[in-house]
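There are 2 protein chains.
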Amino acid sequence: MTPANTELQTHLQEYAKLIIRSGCNLQPGQELLLSCNIDVVEFARLLVAEAYAAGAKRVTVRFSDEQIVRMAYENVAIECFKEVPEWVALLNNSMARNGAAILRIESDDPQALEGIDPQKLAAQAVASHKACKEFYDAIDQGRLVWSIAGAASPAWARKVFPDMPEDQAVRSLWEAILKTVRVGGSDDAIVAWENHRTSFTRRSEWLNAQNFDSLHYQNSLGTDLTVGLNPKGIWKGGGDILTNGRPFFPNMPTEEIFTTPDRLRADGVVHSSMPLVHNGSIVEDFSVTFRDGQAVDCKARVGLDILKSIIETDADSNRLGECALVPWTSPIRQSGLLFYSTLYDENASCHLALGMGFPDCLEGGTEMSEDELKANGVNKSATHVDFMIGTKDLNITGHRPDGSEATIFQAGEWAGELV
Amino acid sequence: MTPANTELQTHLQEYAKLIIRSGCNLQPGQELLLSCNIDVVEFARLLVAEAYAAGAKRVTVRFSDEQIVRMAYENVAIECFKEVPEWVALLNNSMARNGAAILRIESDDPQALEGIDPQKLAAQAVASHKACKEFYDAIDQGRLVWSIAGAASPAWARKVFPDMPEDQAVRSLWEAILKTVRVGGSDDAIVAWENHRTSFTRRSEWLNAQNFDSLHYQNSLGTDLTVGLNPKGIWKGGGDILTNGRPFFPNMPTEEIFTTPDRLRADGVVHSSMPLVHNGSIVEDFSVTFRDGQAVDCKARVGLDILKSIIETDADSNRLGECALVPWTSPIRQSGLLFYSTLYDENASCHLALGMGFPDCLEGGTEMSEDELKANGVNKSATHVDFMIGTKDLNITGHRPDGSEATIFQAGEWAGELV
Chain A
1 MTPANTELQT HLQEYAKLII RSGCNLQPGQ ELLLSCNIDV VEFARLLVAE
51 AYAAGAKRVT VRFSDEQIVR MAYENVAIEC FKEVPEWVAL LNNSMARNGA
101 AILRIESDDP QALEGIDPQK LAAQAVASHK ACKEFYDAID QGRLVWSIAG
151 AASPAWARKV FPDMPEDQAV RSLWEAILKT VRVGGSDDAI VAWENHRTSF
201 TRRSEWLNAQ NFDSLHYQNS LGTDLTVGLN PKGIWKGGGD ILTNGRPFFP
251 NMPTEEIFTT PDRLRADGVV HSSMPLVHNG SIVEDFSVTF RDGQAVDCKA
301 RVGLDILKSI IETDADSNRL GECALVPWTS PIRQSGLLFY STLYDENASC
351 HLALGMGFPD CLEGGTEMSE DELKANGVNK SATHVDFMIG TKDLNITGHR
401 PDGSEATIFQ AGEWAGELV
Chain B
1001 MTPANTELQT HLQEYAKLII RSGCNLQPGQ ELLLSCNIDV VEFARLLVAE
1051 AYAAGAKRVT VRFSDEQIVR MAYENVAIEC FKEVPEWVAL LNNSMARNGA
1101 AILRIESDDP QALEGIDPQK LAAQAVASHK ACKEFYDAID QGRLVWSIAG
1151 AASPAWARKV FPDMPEDQAV RSLWEAILKT VRVGGSDDAI VAWENHRTSF
1201 TRRSEWLNAQ NFDSLHYQNS LGTDLTVGLN PKGIWKGGGD ILTNGRPFFP
1251 NMPTEEIFTT PDRLRADGVV HSSMPLVHNG SIVEDFSVTF RDGQAVDCKA
1301 RVGLDILKSI IETDADSNRL GECALVPWTS PIRQSGLLFY STLYDENASC
1351 HLALGMGFPD CLEGGTEMSE DELKANGVNK SATHVDFMIG TKDLNITGHR
1401 PDGSEATIFQ AGEWAGELV
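Residue numbers (this note's numbering), protein chains in the order written: chain A, 1 to 419; chain B, 1001 to 1419.
Possibly wrong hints are sitting among the right ones.
Which stretches of chain A does chain B cover? Using the computed rule of at least three CB atoms under 8 Å from a CB of chain B, they are [stated by the list, open to error]:
| id | stretch |
| --- | --- |
| 1 | 51-59 |
| 2 | 73-81 |
| 3 | 266-280 |
Straight-line C-alpha distance at most 25 Å; calculated PhoX-like pairs for lysine-lysine [unchecked claim]:
| id | chain 1 | residue 1 | chain 2 | residue 2 |
| --- | --- | --- | --- | --- |
| 4 | A | 82 | B | 1374 |
| 5 | B | 1299 | B | 1130 |
| 6 | A | 130 | B | 1057 |
| 7 | B | 1308 | A | 57 |
To be clear, the hints were calculated from the coordinates, so they are not data collected in a lab. On a predicted model such as this, the values are computed, not experimentally measured, just so you know. Just so it is clear, CB atoms sit at the ideal spot from N, CA and C, and this is done for glycine as well.
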C-alpha cells in the first residue's frame, strides 16, 4: 500500500465515523438499516464497523446490484411495480417502529437505468410510498433519523472523470467526495460539521424573522418566477432535529437553506441551470411554466418524456415541494465537477423541487394531519425531484406581506444582511 | 479476454442455465429467490439473466457479505439471535406461499465464522426454523423447489488451492466445480443431468425392493455401527420430485443415494473419514457413539466444542436424520480435492447426518403431521449436519426383517447386485 493510499484509507475511516456519529447520530442500542450497492462493499464494511463501535444493537444491510435492478426493470411486467412485496414494506415499517437509523449510501451509475420505462419507475415510487406509509410518515414527521451520503463506485467515477483510467477515476471521485464533506481539512470532520451546522443558523434565523410572503426569481436564462411562501413556513438548513430534540444530518454534503413553499402559488417560468439526473436518465436544458402553483407546460432539449413522467407521477407531483438557496460560489460548484448526483449537484446551486413538501418546514407541521398540511400549503406527493435553477446572474427578491421587499440574492450570491 | 477465459465464460453461462432449468426447473411466471454472497455477483447476474430468459415473474436477490455477517456475530448480543426479524420470516414464508423457486449459491470462505460463539449460530438456526415454519414445511413436504449450487469466490478458492495466486485459484476452483456438475463434457449439461438422474434409478429401486431393516457399517478406523431403517422408508437420489410431480435437483453436484433412518435405532460407534466444516469452523478426526438412536458420547481431535454444539442444538439434534451411500471412487473423491464445503465433500463419501430427517423419504411422509412422522421414525430438528464416514475399506451389510442379509458396500464400493 502506498502512503497516499494509506491517507485515503484513513480519510475513508474518518468519513465512515462522521456518517455514523454526525449524519445518523447513532445511539447505543439503536438499530441501523444501511442500503447500498454491492460495488461499495468495502466502504459499507467501514460503516458497519463504526456502527458497532457506536453501540448499534444490530445493523441490517440491504445490498443492491445495479445490473440486476436494471434486468428487473427490463423483464418484469409493470403490474409487478404497482405493488411492493409485503416483506419489503414490513422491513421498512418495522425499522420505523423500532426507531432504527436509516442510512443510504449512494454510488449509482448515473446511467444505470437509462432507457428504462419511466412508467415502471414512477409506479414503483407510488407503490413504495403507499406500502411503506408508516416508514415515510415517521421520516416526514421528524420521528426517524435518516441520512444519505455518497461513496465512489467505478461506474459513477467513470462518468464524472471519463478521461481517466478507472482506478484513478475512483480515487479522484473519493477525493472530491471527501472535500465536499469536510474530511481531511484542518479540523476533525465531526468538529467541522458542528461548525458547519451553526454557520447556517444566522442566515436561516434572519430569513425566518422576515416572514416573506413570496420570492421573485429572475435571470438571463429567462427565469421570471414568483413562488408563494407559507405564513407558518420555516427556513431550515445544515442539519435537522427530530421532534425528540436529537440532531442529525439528512444529507452529507449539505450547503442549502430551504423551505416548503405554498403549493398553490407559483407563477411564471423557470429555466434549469444544470442537467437533472433522475433514476439514471438525464434531462437537459429544460424549463417549466407554472400557473397557480401547477406546472402547466414544460420544454426540454433532452429527456422531455422523463420530465413529463416526473410531473405526472401523481395528482400533486406538478406542484412545488421545496425551494432552496445555495450561493453560486458554493464549494461543490467551485469544484467544477458535475457529479451527476442530486446529493452533490443540488448543493452547487439554488434549486426547486417538484413533489412532496416538508411538514417540518411548517410551524406545528409534524403534528398535522395530511389534510391540515395541505390546507397550510404543504404539498403531498409520492415523489420529490430537485432541479437546479441557480446561475451567476440569479437575483432573488423577498416580498413581505406589507408590500416591502428585500434583496436575498444578487448576481448568484447572498445579498444585503445575508452576505 | 484470452480464449481460455472465453471458454470459461461459456461454461459459466451453461452452468447458470443448468441451475435455472434443471436445478430449479423454473417455470414461466414463477418467482425466484436467490441468495448468495456479494463476491460472486457476476455469476448471480448470469443466473438472473437465465431466470428471466426462462420466464421468471420476478427474481429477488438477497446478497450477503461474509465480513459483515461475521461482524454481526461478533457484536450483536445472543438474545438477538434467538429471534428472526419479522420481515425475514415474511420474506421466506411469502416466497413459499407464492410457490417461488428457492436457490442458494454457496461460495463461503470455509473459515468465515471461525471462532464465532457456536451458541449464537445454533440459536439463529433454531429461531429461523421456528419463524420460517411455513417455508421449511413447504420444503420438507415436497411443495417447494429448492436448489443449492456452488460458485467460486476468492476466499474459498484460496482455501482449496492455498499455493496458487488468487486469480489462478479462483479459476481452478471454477474448473473443479464445473467438472463436478458435468459442464464442459461431451454432452450438453442439461442432457448429462437427465442421464445422471436415470442412472440413480436402478440402485435406488433395488434398495427399495430389499426392504432392509438395518444397515451395519464396519471399517478399519474402528467404525462398528448398526443403523435401523424405517419399514416405510424410501431410498432416493439423483434428484427430487415435488408432490405435484415436478422434478428438480436440490443439490448440484449430487452423487448420493440416501434415506432417513429410524430415529430411535442407532447403536455403536462411527468414525469420521473427512473433516466436517460447520458454519466456517472445522471439526477433525472425530467419532460419535450412539445408543438407542442417541449420540451419547463424542470425541474430536479438533473442534470438539463445535461438534458438541451441533449435537446439542435442540432436543433431537443428537439423533440421525440421514444415511447416504456414495462409492469411494466418486468423481468428487477422485478429484483429490477437499472442497471444505459439504455440498461437494458429502458427494465424496458415504455419510450420516445429525438432526432433521426427510419426510419425503417415507411413504406418505409428506402428508403426515409432525407427530405421525416422529412415530414413523423420522427425526425432527432445527439442524441437519452431514458428516463423512466412507473409507476405501468400508463394508456395509443390509439386514432384512427375516434375518437374511446382503452386501451393499464392499471395500468402499457398491457390491453384489449394486455394482
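Hint by hint, here is what the structure shows:
| no. | hint | verdict |
| --- | --- | --- |
| 1 | 51-59 | holds (count 5) |
| 2 | 73-81 | holds (count 5) |
| 3 | 266-280 | violated (count 0) |
| 4 | 82/A x 1374/B | 45 Å, violated |
| 5 | 1299/B x 1130/B | 30 Å, violated |
| 6 | 130/A x 1057/B | 22 Å, holds |
| 7 | 1308/B x 57/A | 29 Å, violated |
The structure does not agree with the numbered hints 3, 4, 5 and 7 stated previously, though it agrees with the rest.
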